[in-house]
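Based on the provided sequences and hints, a complete structural model is requested.
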Amino acid sequence: MTGETRELEYDYSRLVVPFGPVHPALKEPVHFKVFVKKEEVVDVGLRLGHVHRGIEALAETRNLVQAMYLVERVCGICSHSHTTCFVGALEEIGRIQPSERALYLRTLVFELERLHSHLLWLGIMAYEIGFDTLFMFAFNTREAVLDLFEEITGNRVHHSMNVIGGVRWDLDGRMVEKVGRSMSKVREAAQRIREIFQDKTVEERLSGVGLLDRGAAQELCTVGPTARGSGLKTDVRKEDPYAAYGALEGSFSIVTRTEGDAYARTEVRIFEIFETINMINEILARLPGGSIRPGETIIRSMNRVPQGEAVSRVEAPRGELLYYVRTDGKGGLRRLKVRTPTLANIVGLRQMLIGGEVADIPVVVASIDPCLSCTNRITVIDLDKGGAGEPLRRRRRKWPH
Amino acid sequence: MRQEGSAVRIGARSRIKSPWLFHLNTGSCNGCDIEIVASLAPRYDAERLGCVLVGSPRHADVILVTGPVTRQMLPRVIRVYEQLPEPKSLVAVGTCAASGAPFIGSGVIEGPLDGIIPVDAYVLGCPPRPEAIVRGIVTAVRRRFS
Chain A
1 MTGETRELEY DYSRLVVPFG PVHPALKEPV HFKVFVKKEE VVDVGLRLGH
51 VHRGIEALAE TRNLVQAMYL VERVCGICSH SHTTCFVGAL EEIGRIQPSE
101 RALYLRTLVF ELERLHSHLL WLGIMAYEIG FDTLFMFAFN TREAVLDLFE
151 EITGNRVHHS MNVIGGVRWD LDGRMVEKVG RSMSKVREAA QRIREIFQDK
201 TVEERLSGVG LLDRGAAQEL CTVGPTARGS GLKTDVRKED PYAAYGALEG
251 SFSIVTRTEG DAYARTEVRI FEIFETINMI NEILARLPGG SIRPGETIIR
301 SMNRVPQGEA VSRVEAPRGE LLYYVRTDGK GGLRRLKVRT PTLANIVGLR
351 QMLIGGEVAD IPVVVASIDP CLSCTNRITV IDLDKGGAGE PLRRRRRKWP
401 H
Chain U
1 MRQEGSAVRI GARSRIKSPW LFHLNTGSCN GCDIEIVASL APRYDAERLG
51 CVLVGSPRHA DVILVTGPVT RQMLPRVIRV YEQLPEPKSL VAVGTCAASG
101 APFIGSGVIE GPLDGIIPVD AYVLGCPPRP EAIVRGIVTA VRRRFS
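Line by line, the protein sequences give chains A and U. Numbering follows our numbering, with no gaps: position 230 of the first sequence is 230. Numbering follows our numbering, with no gaps: position 133 of the second sequence is 133.
If you are wondering where the hints come from, they were derived from the structure by calculation, not from laboratory data. These figures come from a predicted structure and were not determined experimentally. Using N, Cα and C, we set each Cβ at its ideal position, and we do this for glycine too. Do not rely on the hints blindly, as some may be mistaken.
Label pairs and their in silico Cβ distance ranges [unchecked claim]:
no. : chain 1 : residue 1 : chain 2 : residue 2 : range
1   : A       : Leu-46    : U       : Pro-118   : 30 to 36 Å
2   : U       : Leu-124   : A       : Arg-350   : 52 to 58 Å
3   : U       : Val-54    : A       : Glu-275   : 33 to 39 Å
4   : A       : Leu-46    : U       : Leu-124   : 49 to 55 Å
Spelled out as structure tokens, the structure:
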């Protein structure tokens, strides 16, 4: 044996920790390449595309009614936002004006959806900071909202509420009362959740984590609660009112925080829950009468949409959702473009993670409320490698009628 | 039940009272994923059957797959399935995993799932109700482990 000793030099600046796509801390497939120096995150690379389903391309092969079902399935948490945005663009192209009652009902389901999405997110956040009891409590509270969805629209997740020129389901007096009763229950539970989140332990876990200052938030075009947590006063419901938000403008305010950390984003969402409950009560009190949809068949409404193009924006629970729609005048789509809020917010993640600790990664990622099924865009097709080398357009089949 | 060694049989029998679950998203819209979490939450409480959602496929007995398998996830689905220790069971949750609808015709969908790996139970619905998911887990456990 020779007494040779070797000293191992390891360059910590180049240590790469891969996260995902299938990882316990991530609920959806996404790949993070985290460059670490000891415990500190130096840089972050992001790879999307694992759940890319080709919805935009697929929508071009369907007619408008079929496409409505398809865009609803872009996301299972904010499904009503997607159809509201899509149908808003179609109504703008066709110059179709839904009745007042239809617009109020659309707004009602929209706000219920924001409520369930924020409660769900609070549960996920509690889970990420290791507070399983609160996670279970938030999910149990959320069930009350899902019950309302089921009773109003017939389904817990994909509501299929919107049709061109109106909505599909109406509310009777008994249901209006029931929604009101549930709201007071949810408000009580949300108060408790707020008290728990104002606890010192939770505050210390989240304060100063995932910092995104106002300038960076503006420069990176973040939207929704992520932007509002950094002090940007932005909300499509106020800036560009759609559905019945123009009439309801006085019944809600924009919640902002200036700290720009994970705790500020949590606070924004908690206070938005109360704003949303107030707004739902306001909608119930002011629900106008009238019909909820035009008396013609869905196919006839679809054929009334002429050739044209429109851009539509809504404020989904996660931020601004944008649709660009171009119709062909024969009941079909020539182009559909979706810009989802997470696609805007996920760019800010790099800024938030750099300088933080490895243990903070799940909390910071959860703090922007990522919805990756909305965000995934690209499948790389390498023609040189063969196998998956068939161009997409040729593989696409017509929807079997 | 397949003919296997007695060790595997004992392993299978011992899984009946505590099937550990692993959830794999292969392009789902989050609808099914949220309903899986809801089925473990207090209202539907699949945990009373001994189910626990675990973070690694190597710890799991039952794998819940959601989504029409996208091209990017295809190799990962196979790899994750192979990482589950024998005996293992698979539940296809949602219409997407069972048949690919409504994404049939898309150029980047490789599903449905049963053309790739063996499926023990199908739970249909878009998304299925939490009760149905619990029933699907029970069916898969009965089929494979008892």
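Given the range 49 to 55 Å, decide if the beta-carbon distance of Leu-46 (chain A) to Leu-124 (chain U) lies inside it. 34 Å, violated
With 52 to 58 Å as the target window, see if Leu-124 (chain U) and Arg-350 (chain A) comply at their CB atoms. Violated - the Cβ-Cβ distance for Leu-124 (chain U) and Arg-350 (chain A), about 40 Å, lies outside 52 to 58 Å.
Using the beta carbons of Leu-46 (chain A) and Pro-118 (chain U), state whether their distance is inside 30 to 36 Å or not. 34 Å, holds
Val-54 (chain U) paired with Glu-275 (chain A), Cβ distance criterion 33 to 39 Å: 37 Å, holds
Hints 2 and 4 from the earlier list are contradicted by this structure; the remaining hints agree with it.
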